[in-house]
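Novice: Hey, can you piece these two chains together into the complex? The hints should help.
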Amino acid sequence: MAYRLKINGKVRTVDAPGEMPLLWALRNDLGMVGTKFGCGAGMCGACTVHLDGAAVRACQTPIASIGKQAVTTIEGLGDTAVGARLQKAWLDKDVMQCGYCQAGQLMSASALLAKSPNPKPEEIDAAMAGNICRCACYTRIRVAIFEAAAAPAKETQRG
Amino acid sequence: MVDVALAETRLANARLDRRTLFKVSALAGGGMAFTAAIPLAAEPGSAAPKLLNAFVSIGADDRVTIVAKNPEVGQGIKTMLPMLIAEELDVAWDQVDIRQADANAKLYGTQVAGGSFATPTHWLPMRQTGAAARAMLVEAAAQLWSVPAASLKTSAGKVLDPASGRSISYGKLADRAATLPPPAPATLKLKDAKDFTIIGQFKGGVDSPRIVRGEPIFGIDTQLPGMVYAVYERAPVHGARLVSAKLDEVLKQPGVKQAFVLQGGDDPLALIDGVAILGTNWWLVNKAREKLQVQWDTGEWGNHASARYASEAVAMLDKGPAATPRNDGDVNAALAGAAKQVTADYSYPFIAHVPMEPQNCTALYTADGKLELWAPTQLPQPGMDSCAKTLGIPAANITLHITRMGGGFGRRLMNDFMVQAAAIAKRVPGTPVQLLWSREDDVRSDFFRPAGWHRLRAGLDADGKLIAYENHIATFSRKGKVAQSAGMNGGEFPAGLVPNFRVGQSMMETMVPTGPLRAPSSNALAYVNQCFLDEVAAAGGTDLATLMFRILGEPRQLPGAGGRAFHTGRARGVIEKVLAMSDYPKPSAPGRGKGLGFYFSHAGYFAEVVEASVSSDGEVTPHKVWVAGDVGSQIINPAGAINQVQGSVIDGIGQALALAITLDGGKINQSNFHEYPVPRMPVTPEILVEFVRTDYPPTGLGEPALPPVVPALINAVHAATGKRVRALPIDQAMLKRA
Chain A
14 MAYRLKINGK VRTVDAPGEM PLLWALRNDL GMVGTKFGCG AGMCGACTVH
64 LDGAAVRACQ TPIASIGKQA VTTIEGLGDT AVGARLQKAW LDKDVMQCGY
114 CQAGQLMSAS ALLAKSPNPK PEEIDAAMAG NICRCACYTR IRVAIFEAAA
164 APAKETQRG
Chain B
56 MVDVALAETR LANARLDRRT LFKVSALAGG GMAFTAAIPL AAEPGSAAPK
106 LLNAFVSIGA DDRVTIVAKN PEVGQGIKTM LPMLIAEELD VAWDQVDIRQ
156 ADANAKLYGT QVAGGSFATP THWLPMRQTG AAARAMLVEA AAQLWSVPAA
206 SLKTSAGKVL DPASGRSISY GKLADRAATL PPPAPATLKL KDAKDFTIIG
256 QFKGGVDSPR IVRGEPIFGI DTQLPGMVYA VYERAPVHGA RLVSAKLDEV
306 LKQPGVKQAF VLQGGDDPLA LIDGVAILGT NWWLVNKARE KLQVQWDTGE
356 WGNHASARYA SEAVAMLDKG PAATPRNDGD VNAALAGAAK QVTADYSYPF
406 IAHVPMEPQN CTALYTADGK LELWAPTQLP QPGMDSCAKT LGIPAANITL
456 HITRMGGGFG RRLMNDFMVQ AAAIAKRVPG TPVQLLWSRE DDVRSDFFRP
506 AGWHRLRAGL DADGKLIAYE NHIATFSRKG KVAQSAGMNG GEFPAGLVPN
556 FRVGQSMMET MVPTGPLRAP SSNALAYVNQ CFLDEVAAAG GTDLATLMFR
606 ILGEPRQLPG AGGRAFHTGR ARGVIEKVLA MSDYPKPSAP GRGKGLGFYF
656 SHAGYFAEVV EASVSSDGEV TPHKVWVAGD VGSQIINPAG AINQVQGSVI
706 DGIGQALALA ITLDGGKINQ SNFHEYPVPR MPVTPEILVE FVRTDYPPTG
756 LGEPALPPVV PALINAVHAA TGKRVRALPI DQAMLKRA
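Chains as they are written, first to last, in the numbering used here: chain A, 14 to 172; chain B, 56 to 793.
The shape of chain B in the complex, shown without the other chains (with noise of 0.2 Å):
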């Protein structure tokens, strides 16, 4: 995996710089081609992108092809960095092919899709690019004409000539241009925002046209002459091994052509023990499923189940932190002085991914020890990786095609799927294998988000003043590490604002794979944090608004990670905007509340108020939703950020109503959407977006609107009942009226 955290201080401030290498050469056919490799200041240690290229050309005939380098989850990236490029090389949008490159290191650098990463790398580089290869159509006409270069104008595609009124095309400037040497780096110069005339507009998504049509398009849709379908049956307890399997009866069934036995290891990343069923039609090989036996050692982790869990973290939590990762201060001496002392714990379980295109792998491995992937994959270097190691083959026998993904959410940042896929072609070489889970498989095998127990101290001065703030987590190892994605660091809301803070930590050890959701740690933490500190303010006689405004004070930047450093007056600024907005906490009618809620996450601000009523019967209906976000300066493609947005909202108000994975007996409950009901149209309550613009750079809005959503709607519970809930997701009974 990218680590996330050391990644992204040095990608918010990536940009083009005098080790930059532009090249170019003349395309096949008429044209040019033009490459910038771009080296990222390097940091050691970090795992993250060194390098990252953009390739843009431009045919005779005045088609611009831009190399979409990330893979496409549904974030919108494919049709967004092109249209970075498009806007400085100043061509029309409708004359942009966009094309899907295959995972390349070298060529592309790092390709993930997660961590709201791309817009914050790419702001810079790739407009950079455009202005780049512009200069050098300019420097073409300028030769062409014998007129200075900067005489000259472009607009959509054509040099312009003001003084003689004269235009020629890019396409006819392109064999010229090819010829010529690149410029540098440091003469470019971009547009002023005033003068964009792609970026900051309504732009469909490049792919949608052919979604609409049913065409081919997602790692499923694959298809090979000779292709054969494969199921992967694995161990319902995690960490169970395989002891036997008897195959003879699945091999009788219709559509069966091979079953066989994989050995693997115990790391769900890569390759585990399971039974592959090869065949015809998907729905056969997974119908003679049914009549497979097999016995599994389950080992100590047939004990596991979540009530075990639960208790075990309530005595850790009585117990006190076995580490802190951070403590200013002296929160106890604090605690003992306060004038109000505020204690409550809070919990949220396990959940799932389920991205609606059940995970696959396409793998073709040749007898020459070749491997082919087709793969709806976020982030694929590290399954190739993890490929030639199961396999025992060089990584660059390897070549992977990215697919277009039915959704991700961070499961697809975990190639797994990928993993048994290779490792089921190798045994028939020459044959293209089509690994297919069931929606029971994916629910059953996800890397889940950790489940976590909370156990939140405050205390408030005799002015209403935060002065101390315990946050204990109970939380997840695995094989004494920090299990992926669970447990919480330092920097957490309110580190750095209030003088005496602790973060205390103490882990379980779990064999359930962990990992990371649609805002990682956030969507968790956000909860945990501001539902309650409305705990705390209540208990100060006032609202979370003015206790949050108490807190930031001053606007002013804290010590911290480059642009992912926590900034007050754009935390503030959010807040007073979504209160404008929504009258909160004022509620629009009787027997309804609002609630708010804030975060800082993937370095978005987002404020969100809801207002839900619960019913006698304690349904939760959330009514109307206000959202208020600063990502920086500039909206690339509202139409991209805007449905980002909204379904982040929908996500997390389904993950507070309803979701929860909870296993017995090592074995995860629940298998399909009856058991893990994710939200539909009819939960969908209107949300109104609005983004307040600051003078930043722009960042991802991937995952940021997601965690505000959670408090702002358990806090309009609160205010709609005067019930506090404290679990996740809500119990609905709690808050039935008698």
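Chain A on its own, in the form it takes in the complex (with noise of 0.2 Å):
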């Protein structure tokens, strides 16, 4: 069956069994790779996108589910301020080595900083917690969230 999917802004349509998780329809049949596959049973994160705006874990979202509702990928991550402030913080401070869990990661904080632009830092644990980084870069991951939630206060300060 054929499904119109809303992702980064463009419809894309996607011909496969309604029970496919998004995944496998963004990095197989439409060939947007930048979503990652790390466990395939959600307990990972690599695979975060936001469906109108929320992380949620694509592994474990079958595309008959998504039905109208705005799918963004790390592909359009720098499309939002938020997004891009973190994809700068990220580069800042060297967060990654690997960087394989690192578009996940990104989906997970972006999605925080849109709910909570000043999380404590419980908070950010919190909200982090279901992405794992094997590399372990977790203490410049919270000190790039940090920095993208200070950013437009110190931006504010300077204008």
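Bear in mind the hints are in silico, worked out from the structure with no lab data behind them.
Mixed in with the good hints, there may be bad ones.
These stretches of chain B come out as covered by chain A in the derived footprint (C-beta under 8 Å, 3 or more residues) [said to hold, decoys possible]: (1) 258 to 271; (2) 408 to 414; (3) 455 to 465; (4) 690 to 699.
Just the calculated beta-carbon pair ranges, DEER-fashion [said to hold, decoys possible]: (5) B:Arg154 - A:Val156: 25 to 33 Å; (6) B:Gly646 - A:Gly22: 49 to 57 Å; (7) B:Leu245 - A:Lys101: 29 to 37 Å; (8) B:Lys246 - A:Lys128: 49 to 57 Å; (9) B:Ala644 - A:Lys133: 15 to 23 Å; (10) A:Ala54 - B:Pro271: 18 to 26 Å; (11) A:Lys101 - B:Arg231: 35 to 43 Å; (12) A:Val156 - B:Asp149: 20 to 28 Å.
Note that the Cβ used here is the ideal one computed from N, Cα and C, for glycine as well.
Specialist: Below, the structure written as structure tokens:
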């Protein structure tokens, strides 16, 4: 069956069984490989995308369940102000080692900051606990999220 | 596999010498291409690199291109090696482009990500290569301006003439430089460390901008026209062979194009028996596995179980060592005469690597017998050889594109996934195939860090001096030989520092594949040795730091292998440093304890202190970690260096707290992250890192920071609770307070 999905602002059509997880429609049918496969069981967060701005695991999201909700993937992250700030903070702090999980980390972090612009440390840990970084770059992920959260305040001060 | 132990000596001393061949040529479109072919001192019988090449080119547009020859696995090598060349070439970092090399032994020598080799191997040769190219550009300017080369300077990609104030960019000199004879290596001068402008600076990963945008860069991101996806079902029991498979139902499943049996052998490094399913979408072909009916012959291996291994191991420890790889003095006599004797058993489980990117490889076999591979591999060349053998084609027919890897930790030194992809592709000539393992495949089909069981005995004299030390390991063999990365060598600490010292070894057979995991051997032996010595120190009425200083004695280099010989002064230096940083052993709050761990691993000296507390239900919380490391005179890229250390610390804490692979009925019990809980953000303590600079050539950081954190945490648990954890991972029930 053909499903029409709104992904990063564009309508895309996927012809696949409705129970197919969004992850595999993205990666194999649409050639959008930024969203990563890590566990296939919703346990590692590598495949995190947004549905109407909320972080979900694409490997646990059947395409039939998406309907009219807007899908945002890592390829579309930089289009939002929060996303662009996070990308910059990730590079400024040299967050990553292998980098494989970072698409998912960034998508979880941006969903957090969209909801809670100045998160407390415990809030960051709780929001990011579903994302495994096997290289364990957690120290820098925390710092980069703080930096991205603080960035708009800094910009206002300068202005 | 590259023999890490054999290779290390000569690599530590690698440098350009008179046999070095510089080659220079004009670049198409203007500019110069510069190559250094650097033969390494030959050591008979070694499988280690014999040649090390460097490639750098300077375009007419002033862009500098440096070839990154080694695979990037997250260790930061693709950024770090070009920094060495760029420093001595004296260009600005932002004019450098870095290109990942394909696998090509003739061009690049051995290409490997592992063993923390790259830093010591390349420290001098890469810098000398940059210096040689710089010398040619200076000479070109000298000729252009008719002034002596010695009167010119360079800075940020330009040659400067201080006398006249004129300057010219390298790009404008490159054509002329390409016509000059290369300099003799002996004439090259390297920069003084105080003049470094790139080395020692915080440089972000060169691929990171692409990664934060989600661009395709990893092996799994490979996409080719007409590509199909494949899974490979293999026996649940390691060592089992395929008897028969019914594929009719599988072939009827949506998206499935083909399914077939592959017959392999019993070597897990090569092709093992299995069933391949190919189709248009990976999720569909993976789902089709549910319809597979395969009959396996498990043979004797179906009886293997973790509990059986543990009881056999204890029986072997009771019986005494079957072999003694090292036996100094007379341990038994010294123990008999000791004022204090301490004995304890320590054990640790199999553990898995679980890099975040599941194993995958994309392969295209064409009817003319050629094979093209896109592979996330830490060690491409043995994988290509194995593919050639399995497919019956010449190795020269294989092209391998090295992709960035989503982690490795040693797992991708083994290329079984590459051979599987190649064998599947051979069945569908002309069609590119991407083989991808599920996470469950990855957890069950690892080359695990081997489990081990140790009996330790130590004796102190009346003065509290360590006079006897014995470490008997019960470990694994495969077909009668020590299994890969199992056992222990005779040189482990405190070898050479105790007059009566014995290493004993006994083995039992397994078919569970084993292999190197980040800081192989040390990741387990640091725990065994440093926790036991903490016990010995307590028995002698002192603490581990004091006992370590007594064991280390005067600063001196022990006899051993080249750059990896143990220096007691460097060990002492990092322990002193971490004590000063952490205020060990005094806890910062009631209920907490501080523990120390030291280890010398992969040429690096690390001492670490963990402060931890244990809740009434036995849950261990590491609060803070202090790390002092000595990897020589220079931290090349502090950005990568500190990240490696912090990641290693969390990795080790995760191993100690929760990680174990077990088997029953020959099958691995764990399948995914719910049963193999690697550390997550909330467990991450504050980690303070300081480097002790010493006058030794820099060495690698991928591994040595991991081993000491395990004993430091376990010793902290003892300091907080008075209980000794002698089996990993920590058993929470044992630490529960009634």
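Novice: Against each hint, give a clear statement of whether it holds in the structure.
Specialist: These are the hints, each one checked on the structure:
{"no.": "1", "hint": "258 to 271", "in the structure": "holds (count 12)"}
{"no.": "2", "hint": "408 to 414", "in the structure": "holds (count 5)"}
{"no.": "3", "hint": "455 to 465", "in the structure": "holds (count 6)"}
{"no.": "4", "hint": "690 to 699", "in the structure": "holds (count 4)"}
{"no.": "5", "hint": "B:Arg154 - A:Val156: 25 to 33 Å", "in the structure": "holds (31 Å)"}
{"no.": "6", "hint": "B:Gly646 - A:Gly22: 49 to 57 Å", "in the structure": "holds (53 Å)"}
{"no.": "7", "hint": "B:Leu245 - A:Lys101: 29 to 37 Å", "in the structure": "holds (35 Å)"}
{"no.": "8", "hint": "B:Lys246 - A:Lys128: 49 to 57 Å", "in the structure": "holds (50 Å)"}
{"no.": "9", "hint": "B:Ala644 - A:Lys133: 15 to 23 Å", "in the structure": "holds (22 Å)"}
{"no.": "10", "hint": "A:Ala54 - B:Pro271: 18 to 26 Å", "in the structure": "holds (24 Å)"}
{"no.": "11", "hint": "A:Lys101 - B:Arg231: 35 to 43 Å", "in the structure": "holds (41 Å)"}
{"no.": "12", "hint": "A:Val156 - B:Asp149: 20 to 28 Å", "in the structure": "holds (24 Å)"}
This entry satisfies every hint, going by the numbered hints stated previously.
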